[in-house]
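Input sequences plus hints: build the corresponding full structure.
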Amino acid sequence: MKKLLVIISTAILLSACNIGNEWDNPMPEEGFLIIAHRGASAYEPENTMPSFELADDLNADYVELDVHMTKDGELIVMHDDDVKRTTEAVGKIKDYTLAELKELTANEEKGEKVAVSGGDEEEAYEIPTLLEVFEEMEEDICYVIELKDTDQYPGIEEKLVELMKENGMIGDDGKSYLKAVIHSFDKKALKQVHKLEPAIPLMQLISFDEGEEAELSADKLKELLTYASGIDVSYEALTPSFVNTMHDEGLAVYAYTVNDAEAALRLKAMGVNGIHTDEPDILDE
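Just so you know, the numbering used here puts the end of the sequence shown at 285, numbered straight through with nothing missing.
Heads up, some of the hints might be wrong.
[To be verified] Under the rule of at most 25 Å between Cα atoms (straight-line distance), these lysine-lysine pairs were calculated in the PhoX-like manner:
| hint | residue 1 | residue 2 |
| --- | --- | --- |
| 1 | Lys220 | Lys94 |
| 2 | Lys159 | Lys187 |
| 3 | Lys159 | Lys94 |
Because the hints were derived from the structure by calculation, they are not lab data.
See below:
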């Protein structure tokens, strides 16, 4: 994976094997990670192969993608649990087989791009499976995988861990980057993954209300430290004191979803470990 951004010195994510008050992991504490949110989704249809490939071309450190499970137990990559926003069909993913989903193409144009399944018939983008992403991208990219709506998909955690093991996605890539990290708003799902495979780094997604500053109670922080390597937080809520507190506890802090260069630079100066962005070239000169 290319890493030519001048402003990025190194990546930082904590290993889930070592959770505690000390920053104890194989990577340096310093760094500012660029995580391509649903790929380079400002420029290509979200959660598609072209979006992931462009994110790689733009030197993103990681690609973030969303995982759901089909009626026949296949892991597919799409943000919503319903196909209606990004395809011509309607209905829940859990009610479609993989073969049925593969027949869908998008019909909703988003400015100069077309959402998820693509443009005309010759260039139509398929909804990818997670396995297809792993196989087609090969060694080119690393991943932040979001577990979505897990109550709808009994056993999805086991499926994901098994797929990661089968495809060698646990551990680092030999260049000081972890091959894959899992994050979710669902702490129950993250705890289940940690139980299944403690070596997979986990990030807890946390949202705060508009105008609210980030804060965690002592009890919530204590619970986080039992399974999470760090947190992904709505960027508007972050403050220097909160970031420092999390770092003191050995937790990495990432901000979502940052599409303003000024805000990105402010977060970098604050000590945030990286950002999720629709524009992987957000800090290019």
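Tested hints:
A C-alpha spacing of about 32 Å is found between Lys220 and Lys94, which places the hinted pair above 25 Å, so the restraint is violated. Straight-line distance between C-alpha atoms of Lys159 and Lys187 comes to about 17 Å, which keeps the hinted pair within the 25 Å bound. For the hint linking Lys159 to Lys94, the alpha-carbon distance of about 14 Å falls within 25 Å, and the restraint holds.
Checked against the numbered hints listed earlier, the structure breaks hint 1 alone; every other hint is satisfied.
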